[in-house]
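Visitor: This is what each chain is made of:
2 protein chains.
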Amino acid sequence: MMISRPLSEESFQERPDRILATELSRYAGKDVVLQGWLHRKRALKSVAFLILRDRSGLAQVVVRDPRAMAEADLLGAETVLRIAGTVTENPQAPGGFEVTSPVVTTLSEPVAAPPFDLYRPTVPATLPTILDHAPVTLRHPRLRAPHAIAAASVAGFRRALDARGFTEIHTPKVVASATESGADVFAIDWFGGEAYLAQSPQFFKQAMVGVFERVYETGPVFRAEPHDTARHLAQYTSLDAELGFVADHRDVMAVLREVLAGMTEAVGEGALDACALLEVDLPRVPERIPEIHFTDAQELIARDTGEDPRGEPDLSPAHERFLSRWALREYGSEFLFVTGYPMAKRPFYTHPEPGREEYSNSFDLLFRGLELVTGGQRLHRYDDYLAALARRGEAPEPYAGYLAAFRHGMPPHGGFALGLERWTARLTGADNIRRTTLFPRDLHRLTP
Amino acid sequence: MMISRPLSEESFQERPDRILATELSRYAGKDVVLQGWLHRKRALKSVAFLILRDRSGLAQVVVRDPRAMAEADLLGAETVLRIAGTVTENPQAPGGFEVTSPVVTTLSEPVAAPPFDLYRPTVPATLPTILDHAPVTLRHPRLRAPHAIAAASVAGFRRALDARGFTEIHTPKVVASATESGADVFAIDWFGGEAYLAQSPQFFKQAMVGVFERVYETGPVFRAEPHDTARHLAQYTSLDAELGFVADHRDVMAVLREVLAGMTEAVGEGALDACALLEVDLPRVPERIPEIHFTDAQELIARDTGEDPRGEPDLSPAHERFLSRWALREYGSEFLFVTGYPMAKRPFYTHPEPGREEYSNSFDLLFRGLELVTGGQRLHRYDDYLAALARRGEAPEPYAGYLAAFRHGMPPHGGFALGLERWTARLTGADNIRRTTLFPRDLHRLTP
Numbered sequence: 000m001m002i003s004r005p006l007s008e009e010s011f012q013e014r015p016d017r018i019l020a021t022e023l024s025r026y027a028g029k030d031v032v033l034q035g036w037l038h039r040k041r042a043l044k045s046v047a048f049l050i051l052r053d054r055s056g057l058a059q060v061v062v063r064d065p066r067a068m069a070e071a072d073l074l075g076a077e078t079v080l081r082i083a084g085t086v087t088e089n090p091q092a093p094g095g096f097e098v099t100s101p102v103v104t105t106l107s108e109p110v111a112a113p114p115f116d117l118y119r120p121t122v123p124a125t126l127p128t129i130l131d132h133a134p135v136t137l138r139h140p141r142l143r144a145p146h147a148i149a150a151a152s153v154a155g156f157r158r159a160l161d162a163r164g165f166t167e168i169h170t171p172k173v174v175a176s177a178t179e180s181g182a183d184v185f186a187i188d189w190f191g192g193e194a195y196l197a198q199s200p201q202f203f204k205q206a207m208v209g210v211f212e213r214v215y216e217t218g219p220v221f222r223a224e225p226h227d228t229a230r231h232l233a234q235y236t237s238l239d240a241e242l243g244f245v246a247d248h249r250d251v252m253a254v255l256r257e258v259l260a261g262m263t264e265a266v267g268e269g270a271l272d273a274c275a276l277l278e279v280d281l282p283r284v285p286e287r288i289p290e291i292h293f294t295d296a297q298e299l300i301a302r303d304t305g306e307d308p309r310g311e312p313d314l315s316p317a318h319e320r321f322l323s324r325w326a327l328r329e330y331g332s333e334f335l336f337v338t339g340y341p342m343a344k345r346p347f348y349t350h351p352e353p354g355r356e357e358y359s360n361s362f363d364l365l366f367r368g369l370e371l372v373t374g375g376q377r378l379h380r381y382d383d384y385l386a387a388l389a390r391r392g393e394a395p396e397p398y399a400g401y402l403a404a405f406r407h408g409m410p411p412h413g414g415f416a417l418g419l420e421r422w423t424a425r426l427t428g429a430d431n432i433r434r435t436t437l438f439p440r441d442l443h444r445l446t447p
Numbered sequence: 000m001m002i003s004r005p006l007s008e009e010s011f012q013e014r015p016d017r018i019l020a021t022e023l024s025r026y027a028g029k030d031v032v033l034q035g036w037l038h039r040k041r042a043l044k045s046v047a048f049l050i051l052r053d054r055s056g057l058a059q060v061v062v063r064d065p066r067a068m069a070e071a072d073l074l075g076a077e078t079v080l081r082i083a084g085t086v087t088e089n090p091q092a093p094g095g096f097e098v099t100s101p102v103v104t105t106l107s108e109p110v111a112a113p114p115f116d117l118y119r120p121t122v123p124a125t126l127p128t129i130l131d132h133a134p135v136t137l138r139h140p141r142l143r144a145p146h147a148i149a150a151a152s153v154a155g156f157r158r159a160l161d162a163r164g165f166t167e168i169h170t171p172k173v174v175a176s177a178t179e180s181g182a183d184v185f186a187i188d189w190f191g192g193e194a195y196l197a198q199s200p201q202f203f204k205q206a207m208v209g210v211f212e213r214v215y216e217t218g219p220v221f222r223a224e225p226h227d228t229a230r231h232l233a234q235y236t237s238l239d240a241e242l243g244f245v246a247d248h249r250d251v252m253a254v255l256r257e258v259l260a261g262m263t264e265a266v267g268e269g270a271l272d273a274c275a276l277l278e279v280d281l282p283r284v285p286e287r288i289p290e291i292h293f294t295d296a297q298e299l300i301a302r303d304t305g306e307d308p309r310g311e312p313d314l315s316p317a318h319e320r321f322l323s324r325w326a327l328r329e330y331g332s333e334f335l336f337v338t339g340y341p342m343a344k345r346p347f348y349t350h351p352e353p354g355r356e357e358y359s360n361s362f363d364l365l366f367r368g369l370e371l372v373t374g375g376q377r378l379h380r381y382d383d384y385l386a387a388l389a390r391r392g393e394a395p396e397p398y399a400g401y402l403a404a405f406r407h408g409m410p411p412h413g414g415f416a417l418g419l420e421r422w423t424a425r426l427t428g429a430d431n432i433r434r435t436t437l438f439p440r441d442l443h444r445l446t447p
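Chains as they are written, first to last, in numbering that gives the first Met the number 0: chain A, 0 to 447; chain B, 0 to 447.
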């Protein structure tokens, strides 16, 4: 009596009677079932073409029966269909195969048309329209593609680090005080008290070096920057890594090089169709990414551009672009490490450069003209933290939880953080980072 | 001039002069370097033993030189050490090998002792002490182990779904309205307006079925439940999956079975030492997990326990334990699906059971006496959503962003959510879910 309808063997796999759109060529002459969305329909006098979209791609279905043609004519865009038919070779069909003699069943009907035709090769809509209607506009193959690339990228990030003895961690997104930087935090009503959304897992990942030596996290971070630009998001996905027993920041850079190679490789394997659609030119990650010290970079800029940035504590966006072009020209590399940024512009936990304490064992990674990753060696001695805070005129008490790890023996360590959306935007050439975020959150946007 | 100190070949790998504690047996007779923490020291009259801990485990270092013994005597627990010495076979040493003739270098000194001895086999501290000092107490092998198991579990979750055509997504953790359930949400000051921390990625993952058909997310969710119990956390890690083109909830259960098998397998591969230390008895995931309908479960309880729960809309914890014992006895399974819960106790988006509309196409998965996973088939037609909201006396307007996906053709779909910490707690037999969370957040705890 008790076990009603036990699970059949078959149900442990995808229902065997369904194939995917891109698998047609394997079933020439066979009867198959497809399921997906009505992407497009075209009616001629004696034949109608239905283009079905599923997660794999598109398939052409040919309707010749007059009654079926009349029924097909009534189907709205995005109707969810089950199509049973015969796979037939046709050199004119996309992919060389199509489905003929179809029996078309409607699984679910739309109640409204999408805000624009999803089948058009380009997207005839402004970014606000795209974002306002994200649940349907993301179905457009060009708008979906960046997210397939993002998913493959994260898989590559994890695979590269898993292979190197890293452990994945999950850290709090709610913290008692805003330690990363005083401003730009979101306040939360925490059971009647006040708390803040975490701006980064920085302190937690450092503490976890004491436990697992090598850790990473792929999770959301929150920045309450009131900037309405193409580059700012209030929530983004931070790919964070931290490792102990480094000699200095160069050991961190070496791991980052492997991570970038792993991400690029994973995108090439796992999101090939998306890359082809968006004409993504995957970068070659050199065996050795060229690097230049901040002071040398300033000299180079002074020598070659007529400007003189020496004495400035940071690089301007224009100077980052100049340096990227220089690295491409001189070393054939789309990546460039700039090392040794002045301490004045780095967080208090940054390790200074031995012998030149006004500079730091830190780096930015420039990729195609923009900063993609920030990282470096951190302080690891408790007394150095107290001194660093004192130098910045900050009391140690709000940092007590953070500093605890360093009271109990921490090895030299360092790490980096890579913004997933920024990486995807650089790969796909997106003009706005919101195109690489499923449901962006910013100053003006909380829905959908 | 520009490329100062190019990265050496060697630095692309872990520094080759360092080996891990568990690798000693491979280097018998060789000179090696270990790095790690001083886990324990024992001084006898003419010899001192240093036990070094690194991410792989423990290694015994034998000090016989009188001056080195005197120096070792001064080292505090958790001092970070570099040890160069010779690997020597010794059947009495843990693992059969030890390091002799060591040169000991201090990399970093502690400024305080841990709140208890980290080398003791059991943990002589209360849970609040453990949590207050998490950055150092998590270094205890028994306290670290659950997190190694959690990391392996998440890797197994992803691997199982990656192999089945799922795409990873990253969704907003901040939402405009509290849709999952009215109460128990954290309010955020969002640029001067009000927003809420997301209680689940439910609506986003459903919308993404329209884009990728099969999606998953592993990320934080937030529940403002003011419960101070061993089972409640204000933030936990939810392992969410959702898939389209299902026949009903059974297709979801079939995927969940594969996921559980993948997680168990990954723990067995990737966290074997942690399992051995905690004496974790990994479950066998049956090819077919037994299932029982809610109404049949109530009848069984009435027949066998003398209680009569019929008419109740939910199962009590005691009844869940009874059913788990029953499944183990009758089917040898530590897992049991209970299906068909009354609609009254399930969220409005739940798909009713065809022909018995007061029940639902939903399920809970019981594991070792507790609910581990909740899932089911969802409504997929726009009109069904409007009707479901109307039946509950709710207006559709606050759900507009959510409902948008269903206006444009959504296939029959369903999914599930598995709480990572709860899974790890069941595996490890933890008496409190906080033992499976690195830095728990709850009614009373916001630090460290």
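Because the hints were derived from the structure by calculation, they are not lab data. Accuracy of the hints is not assured; some may be wrong.
[To be verified] Interface residues of chain A toward chain B, partial, derived using beta-carbon atoms under 10 Å:
| hint | residue |
| --- | --- |
| 1 | LYS44 |
| 2 | SER45 |
| 3 | PHE48 |
| 4 | ILE168 |
| 5 | THR170 |
| 6 | PRO171 |
| 7 | TYR235 |
| 8 | GLY331 |
| 9 | TYR381 |
[What the hints assert, rightly or not] Here's a subset of chain B near chain A, in silico, CB distances under 8 Å, partners left out:
| hint | residue |
| --- | --- |
| 10 | THR104 |
| 11 | SER107 |
| 12 | PHE438 |
Idealized CB from N, CA, C, for every residue including glycine.
Visitor: All the hints need checking, so say for each whether the structure fits it.
Guide: Outcome of the hint check:
For A:LYS44, the shortest C-beta to C-beta distance to chain B is roughly 28 Å, which exceeds 10 Å, and the interface hint is violated. Look at A:SER45: its Cβ only gets to about 28 Å from chain B, farther than 10 Å, so that hint breaks. Checking A:PHE48 against chain B by beta carbon gives a least distance of about 19 Å; that is not within 10 Å, so the hint is violated. For the restraint placing A:ILE168 at the interface with chain B, the shortest Cβ-Cβ distance is roughly 6 Å, inside the 10 Å limit, so the hint holds.
Annotation: A:THR170 was flagged as interfacial toward chain B, and the flag holds, the nearest CB pair being 6 Å apart, inside 10 Å. The beta carbon of A:PRO171 comes within 5 Å of a beta carbon in chain B, closer than 10 Å, and the hint placing it at the interface holds. Hint status for A:TYR235 relative to chain B: holds, with the closest Cβ pair at about 9 Å, below 10 Å. Of the supplied interface hints, the one on A:GLY331 is violated, with its beta-carbon coming no nearer than about 13 Å to a beta-carbon of chain B, more than 10 Å.
This hint holds: A:TYR381 has a C-beta 5 Å from the nearest C-beta of chain B, less than the 10 Å allowed. The criterion of a C-beta within 8 Å of any C-beta in chain A is not met by B:THR104, whose closest approach is roughly 12 Å, and the hint is violated. Nearest Cβ of chain A to the Cβ of B:SER107: about 5 Å, under the 8 Å cut. The hint holds. The restraint placing B:PHE438 at the interface with chain A holds, with a minimum CB-CB distance near 5 Å, inside the 8 Å limit.
In terms of the numbered hints stated before, the structure departs from hints 1, 2, 3, 8 and 10, listed from lowest to highest.
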